Amino acid sequence: MVLGLSKSTLRSIYKAIISIVLAFTVTSVLFLITGANPLIAYYYIFYGAFGDLNLTIETLVRTTPLILVSLGLAISFKCKVWNIGAEGQLYMGAMLGTITAVSLGNTPFTLAIAIIAAIIGGMAWAAVPALMKTKLGVNEVITTFLMNYVAINFVQWLLSFPFLSSDSLFPESASLPDAARLPMLLLPTRLHLGVIIALVVVFPIVYFLMTKTTFGYKLKAVGENPDAAKYGGINVNKTIFLALILSGALAGIAGFFEVSGIQYRMRASLSPGYGYTGIVIALLGANNPIGVALSSIFLAAIFNGSSTMSRALNQPQGVVDFIQGVLVIFVLGSEYIMRYLEKKGIVKL
Amino acid sequence: MIELVMLVSLFSATMWNSAPLILASLGETVVERGGILNLGIEGAMLMGAFSGFMGAYLTGNLWIGLLTSMIAGVITVLIFGFFVIRMNLDQVVSGLAINLLATGLCLYFFRLSFSEGQLPYLASLITPYPIPGLSQIPVIGDVLFNQSIFVYIGFIATPLIFYLIFKTSFGLRLRSIGEDPAIASYLGINVSRTRVLSLIIEGIFVGMAGGLLTISMFNTFDTRIVAARGFIAVSIVILGRWNPVGAFGGSLLFGFTAALSLWLSAFISGPGAVSISQLLSILPYVVTLLALLIGGRKVRGPAALGGPFAKE
Numbered sequence: 001m002v003l004g005l006s007k008s009t010l011r012s013i014y015k016a017i018i019s020i021v022l023a024f025t026v027t028s029v030l031f032l033i034t035g036a037n038p039l040i041a042y043y044y045i046f047y048g049a050f051g052d053l054n055l056t057i058e059t060l061v062r063t064t065p066l067i068l069v070s071l072g073l074a075i076s077f078k079c080k081v082w083n084i085g086a087e088g089q090l091y092m093g094a095m096l097g098t099i100t101a102v103s104l105g106n107t108p109f110t111l112a113i114a115i116i117a118a119i120i121g122g123m124a125w126a127a128v129p130a131l132m133k134t135k136l137g138v139n140e141v142i143t144t145f146l147m148n149y150v151a152i153n154f155v156q157w158l159l160s161f162p163f164l165s166s167d168s169l170f171p172e173s174a175s176l177p178d179a180a181r182l183p184m185l186l187l188p189t190r191l192h193l194g195v196i197i198a199l200v201v202v203f204p205i206v207y208f209l210m211t212k213t214t215f216g217y218k219l220k221a222v223g224e225n226p227d228a229a230k231y232g233g234i235n236v237n238k239t240i241f242l243a244l245i246l247s248g249a250l251a252g253i254a255g256f257f258e259v260s261g262i263q264y265r266m267r268a269s270l271s272p273g274y275g276y277t278g279i280v281i282a283l284l285g286a287n288n289p290i291g292v293a294l295s296s297i298f299l300a301a302i303f304n305g306s307s308t309m310s311r312a313l314n315q316p317q318g319v320v321d322f323i324q325g326v327l328v329i330f331v332l333g334s335e336y337i338m339r340y341l342e343k344k345g346i347v348k349l
Numbered sequence: 001m002i003e004l005v006m007l008v009s010l011f012s013a014t015m016w017n018s019a020p021l022i023l024a025s026l027g028e029t030v031v032e033r034g035g036i037l038n039l040g041i042e043g044a045m046l047m048g049a050f051s052g053f054m055g056a057y058l059t060g061n062l063w064i065g066l067l068t069s070m071i072a073g074v075i076t077v078l079i080f081g082f083f084v085i086r087m088n089l090d091q092v093v094s095g096l097a098i099n100l101l102a103t104g105l106c107l108y109f110f111r112l113s114f115s116e117g118q119l120p121y122l123a124s125l126i127t128p129y130p131i132p133g134l135s136q137i138p139v140i141g142d143v144l145f146n147q148s149i150f151v152y153i154g155f156i157a158t159p160l161i162f163y164l165i166f167k168t169s170f171g172l173r174l175r176s177i178g179e180d181p182a183i184a185s186y187l188g189i190n191v192s193r194t195r196v197l198s199l200i201i202e203g204i205f206v207g208m209a210g211g212l213l214t215i216s217m218f219n220t221f222d223t224r225i226v227a228a229r230g231f232i233a234v235s236i237v238i239l240g241r242w243n244p245v246g247a248f249g250g251s252l253l254f255g256f257t258a259a260l261s262l263w264l265s266a267f268i269s270g271p272g273a274v275s276i277s278q279l280l281s282i283l284p285y286v287v288t289l290l291a292l293l294i295g296g297r298k299v300r301g302p303a304a305l306g307g308p309f310a311k312e
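These protein sequence lines map, in sequence, to chains U and X. With the numbering used here, the residue at position 193 of the first sequence is 193, and numbering never jumps. With the numbering used here, the residue at position 133 of the second sequence is 133, and numbering never jumps.
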């Protein structure tokens, strides 16, 4: 026991560190090939993420959708239900929230009702694969992924035709009424109430749910051995269903917060792949809520920092995608290295 | 009144849209018969599409593009193989990781190769090659024998893969591994080697399926180009009951759906036409989901599909 952490938690931390170091090493090679000094590049990434108060807050703003999505995915991954449809759930939540907000107009309850609508949108979108999985045994990986394409194409259509704003040339919704916008907390930065809700309300709730409740225990039991869980009296299908719709709900909130905290209009380009980045984060954080929260901040920092770095060093955009792709491979590969280190006795747990 | 010419164009487009699905689902059928569920097929197709595009773009030779797409497919699938065979990691997670890796690499290297705003495209595409004689047959000739080589490869590969799986000793070994790798191993079958071979076969097919998107279907590259075709191919394998003939038939069904949505958009006119044709773009995905709803319920695949196997 180190710092009161369990053996498996420590192991996950070691693995996360190994994968981050390796991903950075490979990325350094890439920087060298493309003619950038890796140290300077990493300096700019760090500066772009935490260089001053405004940049730090921007990183937290970026963390918000990522932590919401990935906490949801951690719930679902914990019981080995591979929801890769967060992207679509995010879009459907954002869309339904926007439609609700725009049609309600300025009322004292607009924001609250729109958030509930976003939760329902995300949940409903996750409920389809959840029902197909629990009632018919259809593989959720395939269905959740296909639902992303239905969602994004459908949203694109909604924004191009039925909900096209009359004052826009592009496919986008009407502007959100003031009452549906998340209050700004620290002007001129973009710190909005959604950031606080995600970090101070949602994160502790998910932490509590996963670690201190019987539902959290059930998730773990179903994930480790569904047959044993069933034998032990756990309703496996119900657990799977709840896990999936909960992750859909969180993705839905993530989507609507992007609209009501930042964009103020629903657009087809709302998410640069948060639903997929969420998968990387959940895996890096080993489905542990604290690990997931830290990984969300880490990925958000890379996200913002690498775009600053790209501009400063004239590097192509998309370094974040590269790091993300390599990172997820090393998260898997770190298991191999860990096993090797344990076998050689270099690391003892 | 729908004219014959219009129907011929619909069915011809069906074959055309089926080609990537046929190739990908045949490859996936082979590995799933050996008990491996490769969801990284989406990423392998993307790598094939990107490498095919770059190969053809840089050399100006489409056939080199075809070659590089197949090589990229094999390499990608073998990385997946390293995770699931050598390291015995969860197959689903490994597949997802491969997809994320592929997206990251293709996006970055595409942007590295071409400056912002530059839209690189290939000067030519691999176009239909009418088979002399056969393509002259009315209706059928145009639909079946005036196609690109990828459709013909699909025609030929389907019976060959069927033969490989059901009539060769390799196929027998593969299927016994797919049912129970522990017993297969006990009987002296080299589980890892057989599975790696099956993955190489899949890599060639899947790489080609991706490559044809850039060197024969669209003449440019975009990271969204695969558009879930890999996952649709995995669905087709389930619906085709892990049989190459079923995979071929299933691919035709989905190729038809894709062709139909394009075909309908071309014939709709008047107010709302643009709206309807845009909405039709969700048709292939909805049909796949419905097909899984109807035909995907608790089907029994290879018994060991997706499960772990570690040789002592």
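In short, the hints are calculated from the structure, not lab data. Model, not experiment: these values are computed from the prediction. Note that CB positions come from ideal geometry on N, CA and C, so glycine has one too. Some hints could be false.
To be verified - Per the computed footprint, the stretches of chain X lying under chain U, defined by three or more beta-carbons under 8 Å from a beta-carbon of chain U, are:
1) 5 to 15
2) 121 to 130
Unchecked claim - Chain U is faced by these chain X residues, among others (derived, beta-carbon under 10 Å):
3) LEU58
4) THR59
5) ASN61
6) THR103
7) CYS106
8) SER135
9) VAL139
10) GLY141
11) LEU144
12) THR168
13) SER169
Is the shortest C-beta separation between VAL139 of chain X and chain U less than 10 Å? violated (33 Å)
Satisfaction of the THR59 of chain X interface hint, Cβ to chain U closer than 10 Å: violated (21 Å)
Would you settle whether the hint for THR103 of chain X is holds or violated, based on the nearest Cβ-Cβ distance to chain U being less than 10 Å? holds (6 Å)
The hint names CYS106 of chain X as touching chain U; please verify it with the least Cβ-Cβ distance against 10 Å. This interface hint holds because 9 Å falls under the 10 Å limit.
Residues of the stretch 121 to 130 of chain X with Cβ under 8 Å from chain U, three needed, outcome: violated (count 0)
Mind checking the CB of ASN61 of chain X against every CB in chain U and telling me if the closest is under 10 Å? violated (26 Å)
Report holds or violated for the interface hint on LEU144 of chain X, using the least CB-CB distance to chain U and a cut-off of 10 Å. violated (29 Å)
GLY141 of chain X was flagged as interface toward chain U. Is the shortest Cβ-Cβ separation under 10 Å? violated (35 Å)
Confirm or reject the coverage of the stretch 5 to 15 of chain X by chain U under the rule of 3 or more residues with a beta carbon closer than 8 Å to the chain's beta carbons. n = 0 at 8 Å, threshold three: violated.
Hint check: 10 Å Cβ-Cβ cutoff, SER135 of chain X to chain U: violated (35 Å)
Given THR168 of chain X as an interface hint, is the shortest Cβ-Cβ distance to chain U below 10 Å? Violated, because the Cβ-Cβ distance from THR168 of chain X to chain U comes to roughly 29 Å (cut-off 10 Å).
Restraint: SER169 of chain X near chain U, CB-CB cut 10 Å. Satisfied or not? violated (31 Å)
In this structure, the earlier hints numbered 1, 2, 3, 4, 5, 8, 9, 10, 11, 12, 13 are contradicted, and the remaining ones agree with it.
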